[in-house]
Amino acid sequence: MANKFQSIETKHYAEREAFFEGLKKLDRRAFLRVAGISAGIVAGMGKLTPNSFQLVNVADAEGQKPKFSFAYISDTHLYENKLNDRFVRAILKAVDDVNALDPQPDFVLFGGDLAQLGTAGELKLGAQILKSVKAPLKMMVGEHDWFLDMGEQWRDLFGKPNYSFDHKGVHFVVLNSILEKDFWTERKLTPMERMKIVAGLDNGIQSRFEVGGEQRQWLQQDLAKVAKNTPLIVFSHSPLYKYYKPWNFWTDDADEVQAILKPYEKVTVIHGHTHQLLSNRIGNIQFHGMLSTAWPWPYAPEGLPALTVPMNRADPFSQFDGCGNGRMDVLESGLVDKVYNLWERDPITVRASFLGSNGKQSAPPKPKLPTY
171 MANKFQSIET
181 KHYAEREAFF
191 EGLKKLDRRA
201 FLRVAGISAG
211 IVAGMGKLTP
221 NSFQLVNVAD
231 AEGQKPKFSF
241 AYISDTHLYE
251 NKLNDRFVRA
261 ILKAVDDVNA
271 LDPQPDFVLF
281 GGDLAQLGTA
291 GELKLGAQIL
301 KSVKAPLKMM
311 VGEHDWFLDM
321 GEQWRDLFGK
331 PNYSFDHKGV
341 HFVVLNSILE
351 KDFWTERKLT
361 PMERMKIVAG
371 LDNGIQSRFE
381 VGGEQRQWLQ
391 QDLAKVAKNT
401 PLIVFSHSPL
411 YKYYKPWNFW
421 TDDADEVQAI
431 LKPYEKVTVI
441 HGHTHQLLSN
451 RIGNIQFHGM
461 LSTAWPWPYA
471 PEGLPALTVP
481 MNRADPFSQF
491 DGCGNGRMDV
501 LESGLVDKVY
511 NLWERDPITV
521 RASFLGSNGK
531 QSAPPKPKLP
541 TY
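Numbering (our numbering) for the sequence shown: 171 to 542.
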């Protein structure tokens, strides 16, 4: 019986051959030319400038000021350029956005799913483009980057998939939250068969994502040296809560990870994977989902976190609508105001005070059109 709620990725993959037919090849020499003109795409349509999100007033409702900022680019889902230049144009546009920020962010986070099918060509293409980011780059892995070779190419290009660092009084942790229990060995699946099953998200074969016992132990050991009043910002690709299981918007051991983070006074989790403006709070932990540069997801048909003020539905005839990148302003308190740079729309800020007050203060604008 067919899944009642097919994921966007399943539909996207089913239409792949027709979707890419006739697309022009974007060779290496064309990268700079396309990057140079991508800033004019939105302006040429009479819309906002692609860097409009830097003009938002980021002063917190409680009077807190940003201590520093970092930007993000996430979920680019690159195919090799001989198949697709659409998503290449999108990541180039995002790089233009963050490179034009003034002042420059302290660093740029890449939020996972650089590749679509995890091939060496896809990952190397993404690595090549991301070299043009001006600010220091922090990388996080997604399931599309991992399950073809179980992270071998990722490690060669970018190093460990989980690590931590300290910056201006904040402790940052990057997790690999997309591990799965082995469903492939007994079935004698090829690496590409395994990759395509994981890429679909909504089948009944794969397990749900998890951080895993070994990495949870590493997290406990890493945080043991961190004072409980030190602000924590955790990056995970999948949400560190249980959002919608049929699409694997889900981390099976999220409760156990939350328990490790609970003793700390100020915790923010920034996640990718869901391709949408998504806000949540569980106890002392504030959660922000990242936008994708590739395509927007619809919201889950049930179980949307109560503090999420959803986006308007994306225009299906516009490549960039509903996609984007953004910036996180780390306040003096150590919490985060999240600025969503929605392409072809006004930027939206989801403030720490909105989540901290359970939605009673600093609410972002409600959608004027139907959500999706």
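A few of these clues could be false.
Stated by the list, open to error - Okay, the calculated beta carbon distance ranges per label pair: (1) Phe-238 <-> Arg-325: 51 to 57 Å; (2) Gly-383 <-> Asp-272: 43 to 49 Å; (3) Lys-330 <-> Lys-237: 24 to 30 Å; (4) Lys-235 <-> Arg-357: 35 to 41 Å; (5) Ser-527 <-> Gln-274: 16 to 22 Å; (6) Met-362 <-> Phe-238: 37 to 43 Å; (7) Leu-307 <-> Ala-476: 32 to 38 Å; (8) Lys-235 <-> Thr-400: 34 to 40 Å; (9) Lys-301 <-> Asp-425: 19 to 25 Å; (10) Asp-272 <-> Pro-537: 27 to 33 Å.
Unchecked claim - With a straight-line Cα cutoff of 35 Å, these simulated DSBU-like cross-link-like pairs (lysine-lysine) come out: (11) Lys-398 <-> Lys-366; (12) Lys-351 <-> Lys-395; (13) Lys-530 <-> Lys-308; (14) Lys-237 <-> Lys-412; (15) Lys-358 <-> Lys-412; (16) Lys-351 <-> Lys-237; (17) Lys-235 <-> Lys-304; (18) Lys-252 <-> Lys-330; (19) Lys-338 <-> Lys-237; (20) Lys-358 <-> Lys-432; (21) Lys-415 <-> Lys-351.
Since the hints were made in silico from the structure, they are not lab data. Heads up, the beta-carbon is just placed ideally off N, CA and C, and yes, glycines get one too.
To see whether the hints hold, each was checked on the structure:
1. Phe-238 <-> Arg-325: 51 to 57 Å: violated, 29 Å
2. Gly-383 <-> Asp-272: 43 to 49 Å: Since the Cβ atoms of Gly-383 and Asp-272 sit about 45 Å apart, the hinted range of 43 to 49 Å holds.
3. Lys-330 <-> Lys-237: 24 to 30 Å: holds, 27 Å
4. Lys-235 <-> Arg-357: 35 to 41 Å: violated, 55 Å
5. Ser-527 <-> Gln-274: 16 to 22 Å: 31 Å Cβ-Cβ, so the 16 to 22 Å window is violated.
6. Met-362 <-> Phe-238: 37 to 43 Å: Holds, since Met-362 and Phe-238 (Cβ atoms, about 42 Å apart) stay within the stated range.
7. Leu-307 <-> Ala-476: 32 to 38 Å: holds, 34 Å
8. Lys-235 <-> Thr-400: 34 to 40 Å: With a Cβ separation near 19 Å, Lys-235 and Thr-400 fall outside 34 to 40 Å, so the hint is violated.
9. Lys-301 <-> Asp-425: 19 to 25 Å: About 38 Å separates the Cβ atoms of Lys-301 and Asp-425, which means 19 to 25 Å is violated.
10. Asp-272 <-> Pro-537: 27 to 33 Å: holds, 30 Å
11. Lys-398 <-> Lys-366: Outside the cut-off at roughly 41 Å; violated.
12. Lys-351 <-> Lys-395: Holds. Lys-351 to Lys-395 sits at ~30 Å (cutoff 35 Å).
13. Lys-530 <-> Lys-308: holds, 34 Å
14. Lys-237 <-> Lys-412: holds, 31 Å
15. Lys-358 <-> Lys-412: holds, 30 Å
16. Lys-351 <-> Lys-237: violated, 40 Å
17. Lys-235 <-> Lys-304: Given that 35 Å is the threshold and the Cα spacing comes to 24 Å, the pair holds.
18. Lys-252 <-> Lys-330: Holds, because 29 Å separates the two Cα atoms, which is no more than 35 Å.
19. Lys-338 <-> Lys-237: holds, 8 Å
20. Lys-358 <-> Lys-432: violated, 41 Å
21. Lys-415 <-> Lys-351: Status holds; Cα separation ~15 Å.
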